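Q: So you can see what is in the structure, the chains are spelled out below.
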Amino acid sequence: MPVQTAPEAPGISQDALRELIAGFPRDQSSLIPLLQQVQEQCGYIPRDAVDSVAGALGLFPSQVFGVITFYSQFYTAPRGRNVVRVCRGTACHVRGGKKILQLIQNELGIQDGETTPDFRFSLETVACLGACALSPVMVVNHSYYGKMNPKKIAAVLSQYASR
Amino acid sequence: MKTLTSPSELLSLRETLARRRDPSKPCIALCGGTGCRAFGSEPVLAALRREVERAGLSDKVDVMETGCHGFCENGPNLVIHPLGVYYCGVAEEDVKEVIYETVIKKNVAPRLLYTDPASGRQVRLEEEIPFYEKQKRIVFADNGLIDPRSIEDYIARGGYSALTKTLTGMSPEDVIQEIKDAKLRGRGGAGFPTGMKWEFTRKAPGRVKYLICNGDEGDPGAFMDRSVLEGNPHLVLEGMAIAAYAIGDAQGYIYVRAEYPLAVANLRVAIAQARDSGLLGDNILGTNFCFDITIKEGAGAFVCGEETALIASIEGKRGMPRPRPPFPANSGLWGKPTCINNVETLANVATIINRGAAWYAALGTEASGGTKIFSLTGKVNNTGLVEVPIGISMRDVIFDIGGGIPKGRRFKAVQMGGPSGGCVPARHLDMPIDYGTLQQIGAIMGSGGMVVMDENTCMVDITRFFANFTQSESCGKCSPCRIGTKQMLTILTRITQGQGREGDVERLERIARTVKAAALCGLGQTCPNPVLSTIRFFRDEYDAHIRDKRCAAGSCDALVISACQHACPVGVDVPNYIAYIAAGKYTESVELIRERNPFPSICGRICHHPCEVKCRRGELDEPLAIRALKRFAADWYFNNYIGLPEPFPVRNPERVAVVGAGPTGLSCAYHLARMGYSTTAFEALPVAGGMLSVAIPEYRLPNEVIQNEIKYIENRGVEIRYNTPINANFTVEDLMKDGYAAVFIGAGAQRSQKIGVPGEIEGLEGLYYGLSFLRDVKTGKQVRMGERCVVIGGGNTAMDAARSALRLGAKSVDVFYRRSREEMPVSRVEFEDAVEEGVRFHFLTSPTRIVSGNWKVTGLECIRMELGEADPGGRRRPVPVPGSETLAPADTVIMAVGQAPDLSFLPRDSRLERTRWETLDVDPNTLATNVPGVFAGGDFVSGPGMVIQAIAAGYRSALAIDKYLRKDASRVELRDEKKVIESLTAAPAGEEDAGALPREAVGKISMGLRTSGFTEVETGFTEEQALAEAKRCLRCDLER
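For the protein sequence lines, the chains are A and B, in the order given.
With the first sequence counted from 1, adding 149 to any position gets you this note's numbering.
With the second sequence counted from 1, adding 30 to any position gets you this note's numbering.
It is worth saying that the hints were derived from the structure and are not from the lab.
No experiment lies behind these values; they were computed from the predicted model shown.
Any given hint might turn out to be false.
Unchecked claim - Covered by chain B, according to a simulated footprint, are these stretches of chain A (three or more residues, beta-carbon under 8 Å): (1) 169 to 179; (2) 219 to 232; (3) 242 to 248; (4) 271 to 280.
Cβ atoms here follow ideal geometry from the backbone N, Cα and C, with glycine treated the same way.
Build the full structure now, drawing on both the sequences and the hints.
A: In structure tokens:
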């Protein structure tokens, strides 16, 4: 059995960060798109990236934090390689979305907003994915899975067991 | 794609593209929207393309990936043009058949066709699908016909002609006037007149202006903007360009939520293509008009759908709204005049310019022109995106287009407008959908989300759900919303957890009204709407949760052990009695049932089983046959159990009298005996059983069965005095003087109601009344039955009368019911059995005159009805259709239109209070009358009802009488109870493992035997069937 090494927390190098920043006008209107690109690269907004971004756009780090913490898209802690999003929209709720979430939480062993210790999965809920006719819906990374029922959960998650 | 520098170049390009297109060339248009992708449309697309190429058909057959068709439920969907054949649920392995069979040979593959759930018909062509038939697709017109990533497709179908028309012949003021005349209103929710908004922005001083397209569709349940952006992005770009021109050379932004990656991707492609073609950027089509668009992605905040919060987000700040005035039209993005329009609003602009404001305005209502897209989801057969003219009724959308509620359940409410909207109950379904009309009932048009709910949806839970959403999305800036949403959520959560307190509803209303009045932005101002509208229309559900700890929908976990037990009016522990059966312990099963219901054998035959409607197994395949299982166990007991049951020990000194030994009276007496009281039931007839004995026909409920259960009750210590009526000679007061400490009146509802139809002459030969007819049949009296029998009515009595008439020799039996099939208050089984036996039904037909000659019935004059507006209870009132009278020849007419309690046995001067409707007035919780010690319930108080409701009334009154005698003034509570029983069987199949096991079918005797006599029709389960059926139970109670 292979030895389980502690996974490294992903981050973003200063060079990569500088390259990203270079692509944007140096003012506040770039803040959200820039943060979105940082997160695209490493899955969250590392602490040291905040200072560089703030400096580049002429903002205080507190202002950058204010934006990061306001929008639910941004994370300040590393997330798993596979992000599982369970829809908690109205149509999904009416068709049993709550149960799906419970079962996924049991299956993964984590709650909404948490990441598995091996960084394989992060679980979050989304207000609505816009695929309401398929309710209940879950998304893993960019793949949508509709008409979820308890039987399908294990099958879907096992596709990502080795990623 | 070369850059177009003039309108004439665009025109000739369009003509070239049109010429190149051969309408007879087969094209497979596969939906590539997010919904169908979730169902795996991408591999299908790849397989189609591969196969077409492999077969050398690339120049003979086109394969196109289009945008969302809107009918996501059955994806992956495709349409084969020009045939028009619509296939759904297409998988990779179907590709060869699609190409070779259908495209080439024009043969249809039935298994890929759409099946209409309402009619069961298979539909070949897209245009024949009921879901599409009634829609009016303007915005969605091209979604299934173009590749969203091809500007050429868009241009070929007339795209950018509106922009051309605008730039070459209209002034900005002309454009604004046209939009005003079209009566286009904001489609994002508030419905503000678009033309006016453009005008305000145009008139605002300043040269730098902004036009923002709001694609932050955050309402859970709404996805129309997503489909437009994914499927026809150029339509939106063109609309934006026209808007920017009208406002005055504005710069464009599209704000799209991050949760729509496909929409973002398709927009980027579209913008790049438009720029390359010279349709975006500087000097568009060679004019002075310059316009470009930047895409901004949202970052996951519902509040950013609100104008000023959205602006803050673009500016790179926390998405918090600010007070208005100043309005964005004057001071918006970076302080400049800004016009924000919703995606759908902008998507209508090009059509208005092309086809004219008059045409567009005519499509809607006086106040609002055009169409609206609704996302119809939830408990409805056809879910998807529906584009309809404004002013259509909700009933038409949900039932005609949506195909009604699945699994035969009842409609309860539709949520209009998401978490900002309100719920609309059945009685308002005929209301036209318009901005103003919906506001009158506390709902809003909103973005167009319509979530349909059925009887299994708990309105309190739904409200809590919305409150949870808005509370977490509240930005926190203003106190009313920040604190108010939290408080409303706290109260609602407590209520759903069974910790509601008296006064909670009033508290909720106060907070809701305050937040509505004082919040800073639309989120706060509208989030109280679900609270206020559910309290308005479903107050009884709140009260039941708070006072009785009951959830009628059976869904609040804290109140419900298992939905079946909770749905049973008397709270029988269903999962455990079924578990006993599965373990072969039939006697234990029956004893468990009898803790609440002393009539297992009877209910196993005639109960209307509300438990089965709620059975969770029904979500997987079919509900458990709970009723038939009960019958099996009870029959086994009566056939096999040796020994007599012991009488209950008498532990209390008080004696209780029960008037009427029907199911209510006997249930009351039995439970009182169980609680240790000595009880006596006074029965006027020589037999006990009430309606069961004198009305329900032998073929549904044999007399022997009834007598077994009554004997059991007598053996347990209940005394029944037959032939002892309570009337003027021996009154209720006399009973109390005799020393009975309490009296319960369960005298039933046995007076037939007359309709008062002309010709309804007493004594007419051939004219019968349902109840007395059935009583005569049941008690063996000679009943003259003619050859042509007509029955009037649609309830159980009418069914029983009709089927009895057949068995008595009628050659034809026709039932006339003034309402529709869906409204008949009978179980599906009873109706189907009647139809099988040859009874003919005529719905929406009402009698107008009984025709007779020589004192004999000769016929029945009827008139056809149609369903009109709904009454306060939500049932549509039947209205006669003038000129549709017919005459049905008949020699026997049986009137079975309803029963009423017969209070005539109570002396006129009795102190007992009556209601306006000549029934006894009782406390709904304790069933106590105004006279201390006298209680009443069952059919006698509430009119004819189902047997299990009668039994429950008896149980409730027993609990109430017990409290009364112990001087306990607290409320009566019928709580579900669960015995802890050790694991009886092998671990029950969890939902995860449950394969599709169909429900066992109950045996019936042959048709010949059925109609020739009164032998019991149902033969019940065999032991093998009972064991198999019992094992299908999911044991929902074990999760608690």
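Q: If a hint holds in the structure, say so; if it does not, say that too.
A: Hint check results:
1. 169 to 179: That given contact holds, which follows from 4 residues of the stretch 169 to 179 of chain A lying within Cβ reach (below 8 Å) of chain B.
2. 219 to 232: holds (count 5)
3. 242 to 248: holds (count 4)
4. 271 to 280: It holds, with 6 qualifying residues against the three required.
Of the numbered hints listed earlier, not one is contradicted by the structure.
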